[in-house]
Each structure stands twice: as C-alpha cells, then as structure tokens.
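K.L.:
Residue numbers (our numbering), protein chains in the order written: chain Z, 266 to 550; chain S, 7 to 323; chain H, 167 to 488.
None of these hints come from the bench; they were simulated from the model.
Some hints here could point you the wrong way.
[What the hints assert, rightly or not] These stretches of chain S come out as covered by chain H in the derived footprint (C-beta under 8 Å, 3 or more residues):
1. 37-43
2. 77-87
3. 169-178
4. 215-225
[To be verified] In silico negatives: residues of chain H with every beta carbon more than 12 Å from chain Z:
5. ARG185
6. ALA247
7. GLN261
8. ASP262
9. PRO280
10. ALA311
11. ALA360
12. PRO408
13. CYS458
14. ALA466
15. MET468
Each residue gets a CB set at the ideal place from its N, CA and C atoms; glycine is no exception.
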Amino acid sequence: MSRLSSSPRISSGLGVAGAALLAVAVLVALAAPLIAPWPPMQIDLRARFTPPAWEAHGVLRHLLGTDNLGRDIASRIVWGARISLGVGVAASLLGAAIGGTLGLCAGYFGRGVDAAISWLIDVQLAFPFTLFALFLLAVFGGGPGPVVVVLALATWVNYARVVRAQVMALRGQDFILAARAVGVPSGRILLRYLLPAVAPAMVVVGSFSAAQAILTQAALSFLGVGVDPSSPSWGAMLDLGRSYILSAWWMATFPGVTIALVVLGANLLGDWLREWLDPLAVSRR
Amino acid sequence: MSTHLVDVSGLDVRFGATHAVRDFSLAVAQGESVGLVGESGSGKSAALLALLGLHPEARVQVSARTLRVGGTDLLSATGPQLRDLRGGVAGLIFQDPLAALNPLLTVGAQVSEVLRRHRRLPARAARQEAAALLALVGITDAQARLGHYPHEFSGGMRQRVMIATALAGQPRLLLADEPTTALDVSVQSEIVRLILRLRAERGMGLLWVTHDLALMAGIVDRVVVMYAGRVMETAPVDALYGRPRHPYTQTLLASLPRLDRPHRPRAALPAEATAPGHGAQTGCPFAPRCPRRFSACDTLPPLFTDGATQAACWLLA
Amino acid sequence: MTGAAPLAEMAGVSVRYRRAGRLSHGLIAIDLQLAANATVAVVGESGCGKSTLGRVLLHLQQPSEGAVRFRGEDLTLLKRAELRRRRRAMQMIFQDPFASLNARMTIGETLAEPLVVHGLARWRDARPRVAAMLERVGLEPGVAARYPHEFSGGQRQRIAIARAVIAEPELVVADEPLSALDMTVQGQIVSLLASLQETLSLTYLFISHDLPLVREFAGRVVVMIAGRIVEDGPPDAVFATPAHPYTKLLVSCVPVPDPAQERARQAAAGNTSTIAAAEAPDHAACPFRSRCPHAMPICATMPPFRHVAPDRQAACWLHESS
C-alpha cells in the first residue's frame with residue numbers, strides 16, 4: 266500500500282517548483298508597496314517607451330522598460346499581482362462555494378435535485394462563456410466585484426462535477442448509512458461527513474480553477490471589459506501592449522510571461538496535489 | 007538436498023518497525039497437507055508470501071537460515087527461477103479470486119497463459135487443456151466458458167477458475183490463502199471437497215493458511231498455530247484437537263462456538279493482543295493474555311517436543 | 167411470536183430492483199414480528215436478502231410494498247423529519263466498524279452526535295455521558311479525543327456499539343457485527359452485546375451467516391433464501407432437526423473442530439453438488455427446488471409458511487402431507 270506513495274509519476278520537484286512560483290507571486294503581491302520602484306500609475310512622458318535595461322537606451326531605473334505613458338512596467342507587474350491574484354483567488358473561492366454546495370446536494374440527494382443541477386452544469390458547459398461574460402460585464406460594468414462574480418460563474422462547474430461524482434460514490438458507504446441510521450440530519454451529514462471527505466479533491470480543483478480564473482481574467486481585460494482598464498492588471502497591460510507590439514515589444518511580453526508563469530505554477534501544484542492526495546486515482550489512469 | 011517440498015527454518019520477516027514473522031520454521035513433506043492457523047497479525051500471510059519470494063525487497067526484509075520450496079533456494083533464487091516456482095512448482099489460490107484474476111482477460115486466456123508459460127504448450131493445445139482443466143474443477147460447459155470474463159462467474163465458480171489456474175502448471179504443492187473465507191458455507195464445503203479430491207488424485211502437497219481452526223480439522227494432516235509472528239504449537243490434527251498442549255491453542259478451541267455440543271460459556275481472554283508485531287519479545291508473546299502464566303513465562307520458551315506435538319510453552323518443559 | 171404486541175413488525179414487505187431493465191427481487195412477501203427484548207437472528211447465504219431485511223426494518227431503505235411498523239406505527243407513512251426523530255429508538259451496528267465510523271470525527275464527537283441530534287444533550291455537556299458510555303463498553307474515557315484509525319478492530323466495534331446504544335434505543339439491527347473480528351475477540355463482543363441487552367432492555371435483529379454463533383447468541387432464528395423466509399424457530403431445535411431441506415444443507419456444511427467428525431462429514435457429502443444453478447429465478451416456485459434432494463412436482467408452487475411445531479414454522483411441501 267505504501268508503495269503507491271513512494272514513486273509519484275510527476276516528481277515532487279515540479280510540484281515544489283509550482284508552489285515556489287506561486288509563493289513568489291503572492292509575496293510580491295503582498296509586498297508591492299515595498300518592492301515596486303515606482304508608483305504604478307506615475308506618468309512620466311519624458312521616459313515614454315524606455316526599453317528594458319539591457320537593451321540600447323535602456324536605463325536601470327526602469328528594469329523592464331516603460332509603456333506609452335512612461336509608466337514603469339516592472340512596478341505595474343508587481344502591483345498587478347494584487348489584482349490578478351486577488352481576483353483569481355476570490356473567484357476560485359466563490360466558485361468553490363457555489364460548485365461545492367451544488368455538487369454536494371446533487372450527489373447526496375440525487376433524483377430531482379441531481380437532475381436540475383446536472384442540467385445547469387450541462388447548460389454552463391454548452392454555453393460560449395466569453396460571450397456570456399462580455400454580456401454580463403457590459404450590463405453590470407467592470408470593476409473587481411462583477412469580474413469576480415463572472416469568473417466564479419466560470420469555475421463553479423469544475424467543483425460541482427468533481428464533488429458530485431465523489432459524493433455519489435461516498436453516499437452508499439457504511440459511514441453515511443450509519444449516520445442516517447443514527448438520525449443525523451442531512452445538513453450535518455453534508456457538512457461534517459461528506460464535505461471533509463471531498464475537501465482534498467476541492468483543493469486540487471481549486472488550484473486549477475485559480476489558474477483558469479487568472480487566465481480568463483486576463484482575457485477579459487484584453488477584450489476591454491475586465492477590471493478598470495487603467496488599473497495595472499496583467500490582462501489590461503497585455504491589451505495595451507498589443508498596439509505597440511512592433512515598436513515596444515516589452516510592453517506586452519513581460520505581462521504575458523508573468524501570466525504564463527503563474528498559471529504554470531498553479532497547474533503544476535494542482536497536478537502534484539492530485540497525486541499526493543489520491544495516488545490511486547492517478548495510477549489507475 | 008532435503009526431500010521436503012517446503013523446508014523453512016529461522017524465517018524472519020520485517021516491515022520497517024513491524025516484526026511480522028519471528029524465527030518461523032516449517033516443513034511440508036511430499037504429498038503432505040498442513041494448515042497454518044492464526045488470527046489477524048499472527049504473521050501467517052507474511053510467512054506464506056515469503057515462501058514465494060513475493061515480498062517487495064525494497065520495503066520488506068526477509069531473512070532465514072533455510073528457505074527452500076520444491077528444491078528452489080529462495081535465498082539465492084534468480085528471477086526466472088522464481089517465476090518457475092510460482093505457478094510451476096507451487097500453485098496459488100487466493101482468498102479473493104476477483105482480485106487475483108485479470109478482469110480484462112477471458113478465463114480461457116488466463117488459464118492458457120499458465121499452460122504456455124510453464125508447460126510450453128502451443129496455443130491450440132493450451133486451449134484444449136484449459137477446457138479440460140475447467141471441466142476438472144467442475145465447471146459445466148467448459149469449452150463455452152473459456153470465452154467468459156471473471157465477472158461473469160459467481161463467487162464459487164470464480165474460485166474454481168482460480169483453482170484451475172493454480173493446477174495448470176502441474177504443481178507439486180498447492181498454497182491456499184484463506185481460499186473459502188469469502189464464500190458461503192455451502193459453497194465453501196464444495197470447494198474444500200474439490201481441493202481435497204484434486205490433491206489426492208495428483209498427490210500434491212498442500213499448505214492452507216486460514217484463521218478458521220474448525221475448518222482445518224477435516225482438511226489437513228497437521229496444523230501449525232501461529233501467534234504474534236511465532237509458531238505456538240504444531241501437531242497432527244488428531245492430537246491438536248484431541249489434546250491441545252499450548253494454552254493459546256486451548257483458548258482458540260474453547261472460543262469456538264459449536265453446533266455439535268451444548269453451550270459452554272466462551273473462554274474469556276483479557277483484552278486484545280497488544281501490537282505483538284512491535285518491539286523485542288523477551289518473554290512468551292501470549293503470556294499477557296494467558297490463563298496459565300507463571301514466572302518462567304518472562305523468558306521466551308523454545309519449541310518443546312512431546313510425542314508428535316511441538317509447543318512453545320514452559321508447561322511442557 | 168404471538169401474544170403481546172410486537173415491538174417491530176414487517177407485513178407483506180417486498181423489495182424489487184430494476185437493474186438494466188430486468189426486475190429482480192430483494193425481498194418477497196416478508197412477514198416478521200419482533201417481540202420486545204428478544205434476539206432474533208436472520209441467517210442465509212450472501213444475496214439472500216438478509217441485509218436488505220435489516221435496512222428495510224430500520225427504514226433506511228424503502229420497501230416496494232408492505233408495511234414496516236415500529237411500536238404499531240407504520241414507518242413508511244412518516245415524513246422525513248418524523249422518521250428522523252424515531253431513529254433514536256432504532257439503531258444499527260455494521261460489519262466493518264472502520265467503514266461505518268467517520269474517519270474525520272473524534273470518538274467523542276461520534277458518540278455525542280446521537281445525543282445532540284436527538285436533543286438529549288448539547289455538545290458542551292455530552293462529555294460525561296460519552297465517558298460513561300466508553301467505560302460501559304470497556305474503553306478508557308480518555309480515548310474520546312482520538313480518531314478511529316488509532317484503534318484495533320475489536321475496539322472500533324466497541325465504539326460502533328457505543329454509538330448505537332448511547333441514545334438508549336429499543337431496537338438494534340446488527341449486520342454481521344462479529345464476522346470481521348478474530349475468534350478470541352468475538353467472544354468479548356458477544357458478552358458485551360448480551361450485557362447491554364440486559365441493562366438496556368434491547369431487542370436485537372442479528373444478521374449473520376455463522377450458525378454456531380447464532381445458536382450461542384439468539385433466542386430465535388429465521389432462515390432466508392432468495393428473499394424469502396423459509397424457516398423460523400428456536401436455534402437449538404432448528405439446527406438439531408431442521409424442518410426445511412435448505413436449513414439442513416446449511417447445518418451440514420458447518421465445520422466442527424473435530425477431525426473424526428469432519429472426515430465422516432467429508433465422506434458422507436460425496437460428490438453431490440449443492441451450488442445454485444444459474445437460472446432465471448421463478449418466483450412462483452420454491453426457491454430451493456433446483457438444489458433440493460426432495461424436489462417434487464408440487465415444488466413448482468411456493469409452499470405456504472406453516473407451523474410444524476408450536477414454536478416453529480417452515481415453508482416446505484414435505485410438511486403438508488402430515
């Protein structure tokens with residue numbers, strides 16, 4: 266039995282690397298006021314389009330260069346971590362709350378409840394999400410709140426499907442039957458018996474969902490309906506940089522690389538967590 | 007070289023801190039049948055796995071003075087020798103045939119595979135022989151059943167398939183690990199009769215590992231009783247059931263409720279075995295629960311011989 | 167079986183499943199009455215419906231038809247919340263105590279839970295009763311802070327028993343509560359169950375495949391095959407002189423720890439096959455017909471369940487001629 270945990274297929278080194286990438290991103294976000302060399306919104310028209318420090322005409326003050334208004338790219342990425350990560354994590358947590366609740370209910374109660382929730386899941390999966398998001402944000406406006414809600418609407422399905430499937434397998438097991446035989450009310454069975462049993466799976470889904478939320482958020486900003494376009498979110502920076510991709514490649518490249526690294530980190534961590542928490546499920550595939 | 011099918015002495019099996027089998031010795035003669043009886047944690051299954059070299063070397067330490075099965079020395083055996091041993095010299099029957107059979111292969115393919123590997127039969131002949139084996143273990147319409155998958159058989163029928171697989175390599179020794187524990191009593195007695203019949207017809211030796219002392223009475227010539235990794239008593243069946251010498255064997259027999267006798271209150275044992283697998287055993291491992299314990303029990307008793315019985319108890323000294 | 171009103175009763179209970187479009191029967195027309203303070207054992211081979219019977223009796227599973235009464239009240243007519251309140255009086259013990267305990271709850275929380283959900287205590291003040299219960303089942307009160315995986319099989323079953331009886335139920339369904347335990351531990355748990363029955367006036371439905379154990383523990387035994395009850399009576403009499411050929415087969419298969427008797431039994435059994443043929447079950451016929459050494463043409467009709475002695479009943483045509 267213990268053999269299963271001794272030789273994971275994805276080496277724990279990659280998992281640790283993923284965790285390290287995310288940890289750096291979180292630390293940077295938390296310490297933004299301390300480490301960002303410039304205020305993120307400070308415009309300096311004389312320093313417009315300064316290239317990165319290692320290029321010709323680059324200056325060390327603007328390590329990753331400046332944008333069309335002379336704002337420091339590095340500082341904006343550092344401050345942008347707060348928005349991108351904050352929105353990603355918040356959306357993932359809200360998605361977990363919605364998807365977890367619906368998944369628990371669908372799996373445990375079955376029948377009509379399950380049919381209704383499964384129908385919702387199918388509709389959500391069939392619907393072109395970006396279109397839906399654009400519509401919602403156009404109606405309710407941008408800003409962090411609506412964006413978090415819209416992203417939660419994108420991620421809840423991940424949780425709901427996994428939780429529902431796990432609960433359906435757990436529902437027939439003796440410890441649930443025993444709880445019913447004791448007379449434990451359904452609410453307590455859901456919270457004290459089933460939720461702890463599916464929590465590890467939800468953590469795994471959470472790390473993938475956070476990655477998805479960060480990426481989607483960037484996409485929405487890129488389409489111009491994200492968090493306030495003037496605020497330094499990575500997606501908005503990418504959108505802005507697109508117009509100058511030939512003349513000032515650094516404007517789009519550095520936010521893009523940052524997004525890729527953070528999403529990669531979250532996915533590596535997720536893979537590793539999945540293996541660590543449920544080695545059997547991986548070896549069965 | 008000894009003429010014994012199984013010749014083991016001084017066997018120790020350790021899983022990390024757990025010392026599952028301690029100084030275990032066992033000899034099974036050609037055509038002899040022996041029951042290895044013990045409760046959970048007694049080390050009986052760990053001992054059986056060691057006989058086939060099935061413990062993963064990385065995590066389990068196996069050591070012995072002698073460890074020979076059917077002439078193969080497991081202390082020095084190579085991979086091919088081990089593969090010849092398993093299925094060829096010794097046929098294995100497990101408790102749970104559904105877990106032991108491959109769900110993705112037809113039973114015909116599984117029995118044939120053993121025939122082709124161990125008896126080098128060509129495919130067509132192997133299939134014919136597989137059908138004959140299924141018929142031998144009492145599966146009707148064997149030719150047609152070759153194409154069925156394990157899940158299409160009932161529990162008892164699946165165990166018959168398992169037995170056919172074990173017989174395919176024409177072994178001289180059958181190793182059975184609780185082969186009837188998962189079965190209903192009426193199916194259990196059918197399987198027992200089948201194994202006994204095949205054993206007699208083919209003159210095979212039999213080592214049957216079980217927790218069911220009552221079942222062994224009608225199956226084997228000799229019983230070995232294990233507790234906390236050690237042999238407590240070994241005796242011919244009539245002696246063991248008629249005059250058990252070790253207090254543990256006496257307790258086990260007294261704790262069996264029986265249909266053939268009026269009620270007797272069960273022997274009450276104090277508490278459960280206190281993790282017998284851990285730490286050094288300086289005294290008799292059964293002493294803490296033993297009704298007849300005395301001062302000598304603080305020292306580990308050797309196996310004392312009394313007639314055909316051997317028991318590790320100072321009462322026999 | 168007669169006289170005072172039964173504590174629990176099943177009347178005409180059937181359970182049908184629809185699996186892959188085919189109808190299969192879990193229970194067929196079960197009539198069973200449990201007198202208060204009795205121990206009734208249900209024996210039979212796997213798949214005979216004995217576990218289903220236990221679950222339907224506690225209404226953990228809905229019967230397809232028939233009434234399940236507890237103290238005269240039909241459980242099948244109760245609303246969800248009402249049924250949940252009745253559960254204080256009817257509890258269950260499972261075969262595998264590890265699978266039936268919540269691995270993520272401490273022993274203390276597990277034992278306090280029945281008290282709290284039935285309003286007999288609050289989480290805060292349940293502790294003394296939990297401690298007393300732990301001592302009653304032979305465990306240290308201090309173990310309340312530990313988790314199920316820290317215990318041996320026998321200790322876990324003690325915990326599961328403590329949970330079943332802490333709210334002082336009247337009926338306890340025990341589904342193979344001893345079969346996962348070692349022989350020397352079984353004896354301890356049997357005496358625990360017996361002493362709890364005495365002090366708490368419990369009624370047990372004891373589901374088992376182990377006939378010697380049933381004879382030791384139960385005052386009445388019910389034999390099931392293919393979803394039906396075919397024999398009913400005191401274990402001593404039923405096992406000594408079975409009225410149904412199926413009971414006789416079960417008794418003849420029980421090994422005895424006596425080499426001479428066992429060898430005689432092996433020799434007598436010869437090569438007769440007792441294994442059920444895999445054929446479509448005919449619910450109008452006696453379920454044992456295809457395996458029965460006494461099968462007659464009339465066995466194509468299910469025999470009635472009749473008294474063969476004042477305290478014994480059986481469903482077999484062999485008893486109809488007399």
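K.L.:
With a Cβ-Cβ cutoff of 8 Å, does the stretch 215-225 of chain S contain at least three residues near chain H?
P.N.:
holds (count 8)
K.L.:
Is MET468/H truly not at the interface, in the sense that its beta carbon sits beyond 12 Å from all beta carbons of chain Z?
P.N.:
About 32 Å separates MET468/H from the closest Cβ of chain Z, which puts it past 12 Å; holds.
K.L.:
Since ALA466/H was said not to touch the interface, does its Cβ keep a gap of more than 12 Å from each Cβ of chain Z?
P.N.:
37 Å, holds
K.L.:
Per the stated criterion, does the least C-beta distance between ASP262/H and chain Z lie above 12 Å, as a non-interface residue requires?
P.N.:
Per Cβ check, ASP262/H is inside 12 Å of chain Z; nearest 6 Å; violated.
K.L.:
Beyond 12 Å from every chain Z Cβ: check whether that's true for ALA360/H.
P.N.:
Given a closest Cβ separation of 22 Å, the condition holds.
K.L.:
Cut-off 8 Å, C-beta pairs, minimum 3 residues; does the coverage of the stretch 37-43 of chain S by chain H stand?
P.N.:
This one is violated; 0 residues, fewer than the three required, reach chain H with a Cβ under 8 Å.
K.L.:
Taking beta carbons only, do three or more residues of the stretch 169-178 of chain S come closer than 8 Å to chain H?
P.N.:
n = 0 at 8 Å, threshold three: violated.
K.L.:
Verify that the Cβ of GLN261/H lies farther than 12 Å from every Cβ atom of chain Z, and report whether the claim holds or is violated.
P.N.:
8 Å, violated
K.L.:
Are three or more residues of the stretch 77-87 of chain S within 8 Å, CB to CB, of chain H?
P.N.:
Result for this restraint: violated, n = 0.
K.L.:
Measuring Cβ to Cβ, find out whether ALA311/H lies farther than 12 Å from everything in chain Z.
P.N.:
17 Å, holds
K.L.:
Hey, is ALA247/H genuinely clear of chain Z, shortest beta carbon separation above 12 Å?
P.N.:
8 Å, violated
K.L.:
Non-interface claim for PRO408/H: all C-beta distances to chain Z beyond 12 Å?
P.N.:
32 Å, holds
The earlier numbered hints that this structure contradicts are 1, 2, 3, 6, 7, 8 and 9.
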